[in-house]
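**Q** Keeping their order, the protein sequence lines are chains A and B. Per numbering that gives the first Met the number 0, residue 0 is the first one in the first sequence, and the count goes up by one each step. Per numbering that gives the first Met the number 0, residue 0 is the first one in the second sequence, and the count goes up by one each step.
Any given hint might turn out to be false.
Unchecked claim - List of simulated lysine to any residue pairs, SDA-like, C-alpha gap at most 20 Å: (1) A:K105 / B:M448; (2) A:K105 / B:L458; (3) A:K106 / B:E440; (4) B:K116 / B:R135; (5) A:K62 / A:E74; (6) B:K296 / B:Y238; (7) A:K105 / A:G118; (8) A:K106 / A:I161; (9) A:K105 / B:A451; (10) B:K53 / B:F77; (11) B:K456 / A:A109; (12) B:K332 / B:E404; (13) A:K106 / B:R444; (14) A:K106 / B:K456; (15) A:K152 / B:E453; (16) A:K62 / A:S15; (17) A:K105 / B:R135; (18) B:K116 / B:K332.
The set of hints was computed from the structure by calculation and includes no laboratory data.
Listed below are the residues making up each chain.
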Amino acid sequence: MAMNIEMLRVESLHVSVEGTPIIKGLNLTINKGEIHVVMGRNGAGKSTLANVVMGHPAYEITKGAIFFQERPLEELAVFERARAGMFLSFQYPAVIPGVQVGTFLKKSVASVREEPPKGRAFRKELNEAMGQLEMDKSFLSRYVNDGFSGGEKKRLEILQMILLKPTLALLDETDSGLDIDALRIVSKGINQIAPQAGCLIITHYQRLLDHVKPHFVHAMIDGAIVKTGGPELALELEERGYDWLDAPA
Amino acid sequence: MNEEALEAVGDYRYGFHDPENATIRFDKGLSEQVVRDISELKNEPQWMTDIRVKAYRHFEERAMPDWGNCNLLESINFENVTYFLRSSNQTEKNWDDVPDDIKNTFNRLGIPEAEQKWLGGVTAQYESEAVYHSIREDLEEQGVIFLDMDTGLKTHPELVKKFFGTVVPHSDNKFSALNTAVWSGGSFIYVPKGVEVEMPVQAYFRINAKNMGQFERTLIIADEGSTIHYVEGCTAPSYSTDSLHSAVVELIAMEGAKIRYSTVQNWSNNVYNLVTKRAVAHKNATVEWVDGNIGSKLTMKYPSVLLKGEGAHAEVISVAYAGEGQHQDAGAKVHHLAPNTTSNILSKSISKNGGRSSYRGMLQVMPKATGCRSKVVCDALILDDSSRSDTYPTMEIGNATADLEHEASVSKVSSDQLFYLMSRGLPEEEAMGLIVNGFFEPFTRELPMEYAVELNKLLELEMEGSIG
Chain A
0 MAMNIEMLRV ESLHVSVEGT PIIKGLNLTI NKGEIHVVMG RNGAGKSTLA
50 NVVMGHPAYE ITKGAIFFQE RPLEELAVFE RARAGMFLSF QYPAVIPGVQ
100 VGTFLKKSVA SVREEPPKGR AFRKELNEAM GQLEMDKSFL SRYVNDGFSG
150 GEKKRLEILQ MILLKPTLAL LDETDSGLDI DALRIVSKGI NQIAPQAGCL
200 IITHYQRLLD HVKPHFVHAM IDGAIVKTGG PELALELEER GYDWLDAPA
Chain B
0 MNEEALEAVG DYRYGFHDPE NATIRFDKGL SEQVVRDISE LKNEPQWMTD
50 IRVKAYRHFE ERAMPDWGNC NLLESINFEN VTYFLRSSNQ TEKNWDDVPD
100 DIKNTFNRLG IPEAEQKWLG GVTAQYESEA VYHSIREDLE EQGVIFLDMD
150 TGLKTHPELV KKFFGTVVPH SDNKFSALNT AVWSGGSFIY VPKGVEVEMP
200 VQAYFRINAK NMGQFERTLI IADEGSTIHY VEGCTAPSYS TDSLHSAVVE
250 LIAMEGAKIR YSTVQNWSNN VYNLVTKRAV AHKNATVEWV DGNIGSKLTM
300 KYPSVLLKGE GAHAEVISVA YAGEGQHQDA GAKVHHLAPN TTSNILSKSI
350 SKNGGRSSYR GMLQVMPKAT GCRSKVVCDA LILDDSSRSD TYPTMEIGNA
400 TADLEHEASV SKVSSDQLFY LMSRGLPEEE AMGLIVNGFF EPFTRELPME
450 YAVELNKLLE LEMEGSIG
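Given only the sequences and the hints, what does the whole structure look like? Please build it.
**A** As structure tokens, this is what we get:
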């Protein structure tokens, strides 16, 4: 078996938002080729984890550290994290009025790749990726996430992920609000990049896991991972809820 | 340009200046004699001299506006302005004949290149007068008149006399009086009945000298069923002392005609830009003002349309960018004088680094003007806490049949928008630039493509080095 290549390491992490502690001593290591799923109640700190790894300025690390490919992340600004190979699929992607999807994708790909994309080659790549995600070309002339349905937003996130080819993909409830077809399409995108990347998938539902096979499932409660298992844990959590994992009072 | 000059200019790309090689330069200051001298120098007919003198007397008596940025207005020293400066003895038809330093300036501004690629005609004004002028032959053959205003007065005095001052009378405001007294340069355009001018024609206004006053006067007449798109651009060097730009623009759209007037004003931040722009739209005519204000110290400008004939339509898109030390007091005025007239006003402003932008709008529907429709949308974007945005909308609705919509919003760039774009590899400045470009998109999409690209580059430049 090949040696593990570490993509993400979270060490005794404590995070506060406006002075309120949200993550309280979280440890997690993700290697290349591994798919990790984090499940938990609303407010458990799942989105905070994804956002703090990507560097959202509203989240303050009060203790502990995060490493990407063994490099401390505090050294890297948000855009440098993206350029280094990190990607966050947002739960609620921001609307950027007046900026066309095509313009945005080109700028983003040009920023992240060492070699800026050539016109024709990039169009071909874009066409292929959009075809695979069953996205109509008209997407390109629409404004970024402006008036998009929930499913359209998530598809655009996955399209960006495919184009940016991250080595660490953080997917924050990418499956929420998707119908069966969209779920299948989005899963295809995740499976495509998964072998070359470390994946952290945050979800409430087991059903995504019908399409994407995780190596590890983590249950998160009150800012920490309290139980780790295989795919069967996801089923158990969906069936039983989280109460059985709560620390005794 | 040497390093030192570059530094002085800062971020403003067009702040370079040439040596001042004037062939005629008036002493600073304004008097009735200065007004008469300008008229005499230009060999004008007596009636024009009379209009100028009358306007000067009105200017002397007329008080400053008691609204807008009164402090800045009061700080204008009319005695420290050069009212006339001739830098070339004639208006050339060939760039090769334009004096080298002036030609180089316009080359750097990309005017000759744009002319070859996509314009139907060009006037380049340097200080008080046009130094270059040309129009495509095919337009000339169709009877289109496109001249600098001084030549227009010489060659078509009857047309000028008939329309000059009919849309913006000298007594309209203090600065229209000043312009009428000392006007020089500007464009004169007549489009004959039914002629559709497909390629835009452009005028470019450049102030080079210190403490210069530029007072161009533009008159555009689109006869029945004709169309014309006029584009104007403006820049000036960055000096520590102020210059004054006070233009008057009059548009007349006859029955069924269409005039589009696009401006991107990018004056340096020492220019007072106090301009009166007004149009008359006759039956079923359309007038569109596409008005972009990026530069200047203080701009006060409210492109207006008088909807005089039934079924006439007005479209005003006004955008303003107010950075450090800038106040953009811009907006639009539409007067519905006839039944079934329609109008759309879209105003977008951005304030940054302590800049101030104001929207000032007037929408008037006369009692007889039944069945009118109007939509007004004002969006302001404030990029930091030290900047300011105000809105002063006025509506006077004279009858109950009017169908009116008014929307206004003030927003800030959200940290979520910035984070989203940064997480896709864009540094903060670039992310901000993209958001700003997107905000102005409804404006830029109305510009000729070359202009839109230029404007977006300009805005990105404005965002550089501005985020701590």
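**Q** Are the hints correct? Go through all of them and say.
**A** Consistency of the hints with the structure:
| no. | hint | in the structure |
| --- | --- | --- |
| 1 | A:K105 / B:M448 | holds, 19 Å |
| 2 | A:K105 / B:L458 | holds, 19 Å |
| 3 | A:K106 / B:E440 | holds, 17 Å |
| 4 | B:K116 / B:R135 | holds, 12 Å |
| 5 | A:K62 / A:E74 | holds, 16 Å |
| 6 | B:K296 / B:Y238 | holds, 12 Å |
| 7 | A:K105 / A:G118 | holds, 9 Å |
| 8 | A:K106 / A:I161 | holds, 15 Å |
| 9 | A:K105 / B:A451 | holds, 18 Å |
| 10 | B:K53 / B:F77 | holds, 18 Å |
| 11 | B:K456 / A:A109 | holds, 17 Å |
| 12 | B:K332 / B:E404 | holds, 15 Å |
| 13 | A:K106 / B:R444 | holds, 19 Å |
| 14 | A:K106 / B:K456 | holds, 14 Å |
| 15 | A:K152 / B:E453 | violated, 31 Å |
| 16 | A:K62 / A:S15 | holds, 10 Å |
| 17 | A:K105 / B:R135 | violated, 38 Å |
| 18 | B:K116 / B:K332 | violated, 34 Å |
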